[in-house]
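**Student:** Based on the hints, put chains B, C, D, E, F, G, H, I and J in the right spot on chain A.
Listed here are the chains, written in short residue letters.
10 protein chains.
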Amino acid sequence: MANPKLIETFPNPAPQRDYVIEHTHHEFTSVCPITGHPDFAEITVSYVAEKNCVELKSLKLYFHAFRNEGIFFEAVTNKICDDLVAALAPRQLKVVSNWKGRGGMTSVVTAEMTPRAR
Amino acid sequence: MANPKLIETFPNPAPQRDYVIEHTHHEFTSVCPITGHPDFAEITVSYVAEKNCVELKSLKLYFHAFRNEGIFFEAVTNKICDDLVAALAPRQLKVVSNWKGRGGMTSVVTAEMTPRAR
Amino acid sequence: MANPKLIETFPNPAPQRDYVIEHTHHEFTSVCPITGHPDFAEITVSYVAEKNCVELKSLKLYFHAFRNEGIFFEAVTNKICDDLVAALAPRQLKVVSNWKGRGGMTSVVTAEMTPRAR
Amino acid sequence: MANPKLIETFPNPAPQRDYVIEHTHHEFTSVCPITGHPDFAEITVSYVAEKNCVELKSLKLYFHAFRNEGIFFEAVTNKICDDLVAALAPRQLKVVSNWKGRGGMTSVVTAEMTPRAR
Amino acid sequence: MANPKLIETFPNPAPQRDYVIEHTHHEFTSVCPITGHPDFAEITVSYVAEKNCVELKSLKLYFHAFRNEGIFFEAVTNKICDDLVAALAPRQLKVVSNWKGRGGMTSVVTAEMTPRAR
Amino acid sequence: MANPKLIETFPNPAPQRDYVIEHTHHEFTSVCPITGHPDFAEITVSYVAEKNCVELKSLKLYFHAFRNEGIFFEAVTNKICDDLVAALAPRQLKVVSNWKGRGGMTSVVTAEMTPRAR
Amino acid sequence: MANPKLIETFPNPAPQRDYVIEHTHHEFTSVCPITGHPDFAEITVSYVAEKNCVELKSLKLYFHAFRNEGIFFEAVTNKICDDLVAALAPRQLKVVSNWKGRGGMTSVVTAEMTPRAR
Amino acid sequence: MANPKLIETFPNPAPQRDYVIEHTHHEFTSVCPITGHPDFAEITVSYVAEKNCVELKSLKLYFHAFRNEGIFFEAVTNKICDDLVAALAPRQLKVVSNWKGRGGMTSVVTAEMTPRAR
Amino acid sequence: MANPKLIETFPNPAPQRDYVIEHTHHEFTSVCPITGHPDFAEITVSYVAEKNCVELKSLKLYFHAFRNEGIFFEAVTNKICDDLVAALAPRQLKVVSNWKGRGGMTSVVTAEMTPRAR
Amino acid sequence: MANPKLIETFPNPAPQRDYVIEHTHHEFTSVCPITGHPDFAEITVSYVAEKNCVELKSLKLYFHAFRNEGIFFEAVTNKICDDLVAALAPRQLKVVSNWKGRGGMTSVVTAEMTPRAR
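Protein chains in written order, with this note's numbering: chain A, 13 to 130; chain B, 13 to 130; chain C, 13 to 130; chain D, 13 to 130; chain E, 13 to 130; chain F, 13 to 130; chain G, 13 to 130; chain H, 13 to 130; chain I, 13 to 130; chain J, 13 to 130.
Pulled out of the complex, with its shape left as it was, chain A reads as follows (with noise of 0.2 Å):
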């Protein structure tokens, strides 16, 4: 499974300023878990960083590592979530996957951190 460790980060240069900073992954694929035919998605992070951003390289490498992958649209989204909350303790945080046709249905799935207290 995709190793959470591969996200590596950056001090943030304006953690004075809620400012938001939004990546998006043209190219992920993974695995079906049921026909093991390969699924392809758009995903978009966006957060707030608090002390932390994310190294856009490793970031490529972490999904990378979903390559192959047997994983549902619904638990991917919210394992990438997962992963960058715990590696980043953003402000703020959303992952939307973006995933192409098969069979002529298409799918969104959208998934954010719970906010936390400040």
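There may be inaccurate statements among the hints.
[Stated by the list, open to error] In silico negatives: residues of chain E with every beta carbon more than 12 Å from chain A:
#1 E20
#2 P25
#3 D30
#4 V32
#5 A77
#6 A99
#7 A101
#8 Q104
#9 V120
#10 M125
[Claimed, not checked] Cut-off 25 Å, straight-line C-alpha distance, at most; resulting in silico cross-link-like pairs (DMTMM-like, lysine to aspartate or glutamate):
#11 K106(B) - E34(B)
#12 K91(C) - E62(F)
#13 K69(B) - E86(A)
#14 K106(A) - D94(A)
If you are wondering where the hints come from, they were derived from the structure by calculation, not from laboratory data.
Predicted model only: the values in this text are computed from it and were never measured.
Beta carbons: idealized from backbone N, C-alpha and C, even for Gly.
**Tutor:** Chains B, C, D, E, F, G, H, I and J only, in chain A's frame:
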């Protein structure tokens, strides 16, 4: 008439979180109950799951079952909404049907389940 | 002048629910009352039905009846709004007319029925 | 029937050169001779002028004159081709009519004048 | 199997000219002969008429007759080509079928009648 | 300077209703007051009429009058807003000017009239 | 009238090769000689240089000089073709002018220099 | 390495006619042989069948078999061409691979079988 | 590092009104501080002016000054925000940087000035 | 000046076949030799390899080397053509540079190697 028993479910992998799942079927077709001519639509279901998620292939087969049914745009949208609410008991659910042109007219029908008291 | 009696209705199949029905006519044409030149528009009607829904073919014929009428953009949009409110007694209704370019100008007129006290 | 005498001309400003003039009317409308329903098309005329060019406003009025004519796609395209060849005596002339969808069908009809011996 | 006798014709209004008529049906659907799943395509017929043109509404009904037929992409394209050549005896005729995605694959099949000796 | 007296009006056909009228001029051009180079913009005026509506052709001629004026983006947007408020005394009015690229920069300026006390 | 002397040149950096240079001016505007209303076009010049290339900024200023000229679509296209052939003595040259809509009509005029004997 | 034996065929339903079959796989992915990073492409195969057509699902599985292969753009395109020519013995066959951007570069490789003597 | 002193201003022509000015630079480029590879972005600045507006050409030159700077996406967005707030003392200001793809990832960073007490 | 020695090659995997390789760099930037302002282009190289193919990463670095060079559109296109012909000795090669707008003008320059005698 398309049988709601075709709809299968699997356990929600993240019931602790309100997150949105959206499936769009791009190839819905039914039949006009008056003229017998085929109608074509794109149907989007978006919902917040409680205990169960809809299984994607069974949803497709449920939609396929309308292929030779004579039914109005307004009725089919409300039926899909009712059938999915019955099958999933979701926290929220919305159905949007977007109908292709017929004589220079296109139509969109949007039905949402009555919010549950929480 | 286009006769509102052309508008036919059928019983709302889901009166227990506030859901939105939207019809767009892509081929509306009337005539400029000053120059006599043809005008072209896309007309969208969206409404929440009470007891009755508008029958789609009759709506198209009602729109066709404007073909040789000389009438301003602002007046035709308000007339369609008034005629449909009279015919349907809906919970809500909005008309948007989107007019093609004439001399480098395009126009959009949006009229909504006065909300009813409930 | 739309009168070819509506077509006015002006002298070709560069008769020494074979160059191509193309006018597209985006708002052509006529009527189906069987059902009486309106038809809509985009008409493109492209030609190489000999002595005369077609005056743009008169071409528009000639097209407007089809507004309430009942005529088939194939016939109207050939009539426009014949009328313009008669009015302009051009070196070459082609008419393309591109008809909007009716019941899920769109059509394109393309007619070209018989090349003149030179 | 879709009956070629559904195809009706009317006399070519300009037999003295080789001009091209093209009809595109955007809502073709048939059924996969192996899986029974629905297939969707856009079918374009373009031809040069000899004595007869295809009547548009009959062409639509002929296409509708494939709705519940199990037939391969390659076979349906060649059958439409053969049926229309038999019905119209045209100077030229080409059929292009453009099939929507199924499992990340789209297909286009193009068949043309054998040119007649003239 | 473009004269606001060019703006003509006609009586609002539905003063009992707050409805929105929006006109977009796609071919606005003025001149940079520093370099003398032409500037090009799309100008959208949207308003809720009180007693009077702006007459469309007069609005076009008012816009044409800027053709050879040297004026900044910010100033022209505010002048149009002021001139139309003076001419129409509307319930609400907004002007958006959307300027084409110059040296890799595009600009949008949005000015709204101060809401009236009602 | 726009002065061809505005057109400046620089030496062709690769006269040993027939290669194609194409410049498109997206903001051409002149005036209708009959109505005085502004016309807008996109002008594309493509050519194979002999000894000289056209300097880009001077080409822009030459185009700007048409801003307040009353001139027909057909005449302006041929004049630009003639002026550039005179200024550049190119191996080949073509001018395409693509005019924005006026009353639902758009136009394209294409003029090419007479090929030189080589 | 992806095994050409995965490719299955069925008899050409219209061997008497030269017609074109084109399949596009939108979700091809392989691996860069140098960096190990994933590559993504759209692969189009178009051919004229002799005795056999390629079975669509087997073609998809053959493409899936490249998922974890390290192979260059140029090599994979030629291998697909060779494997399909070997499996189908077609009259003509062309393969186009269209690779998504990597560091601001996109690529297209097009290989065609050597025409057979007929 | 890009010098904020490059930013020039001119007096706000309508200080009595809160209106929005938005400039988008489509050709921003800087350098990745780790790899030295070029990065490309579209930068949008939108603000409500107090006493001064930013002069457009000086803004472009300020952006050009980043051409050979090594700087992260998050840092450059916050620096532009800070520099423009210092130069303009605006009522509101927001900066959005939209970064082109690198290895299948695109990014958007959005920073807004801390609202002033009024 | 960008050094052609940056261009690296690898052996053509299919020298027995004339097939086309096309690489497009979407992020080319150089500097105007007169004004010093940056220019941006999309550069497409398409060629038929003889013994060697261009290595993709080295091609990117070769393009990056123009970043701070002052050079005209016509000259840079011919230089890339000449450098690649020298490095690859291909059977055919074409370079197309497509330059972004500057003052309302866009440009495309297309240079092709002189065909070799075979």
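**Student:** Evaluate each hint against the coordinates.
**Tutor:** We went through each hint and held it up to the structure:
{"no.": "1", "hint": "E20", "result": "holds (33 Å)"}
{"no.": "2", "hint": "P25", "result": "holds (41 Å)"}
{"no.": "3", "hint": "D30", "result": "holds (40 Å)"}
{"no.": "4", "hint": "V32", "result": "holds (33 Å)"}
{"no.": "5", "hint": "A77", "result": "holds (22 Å)"}
{"no.": "6", "hint": "A99", "result": "holds (32 Å)"}
{"no.": "7", "hint": "A101", "result": "holds (38 Å)"}
{"no.": "8", "hint": "Q104", "result": "holds (34 Å)"}
{"no.": "9", "hint": "V120", "result": "holds (17 Å)"}
{"no.": "10", "hint": "M125", "result": "holds (32 Å)"}
{"no.": "11", "hint": "K106(B) - E34(B)", "result": "holds (9 Å)"}
{"no.": "12", "hint": "K91(C) - E62(F)", "result": "holds (18 Å)"}
{"no.": "13", "hint": "K69(B) - E86(A)", "result": "holds (15 Å)"}
{"no.": "14", "hint": "K106(A) - D94(A)", "result": "holds (10 Å)"}
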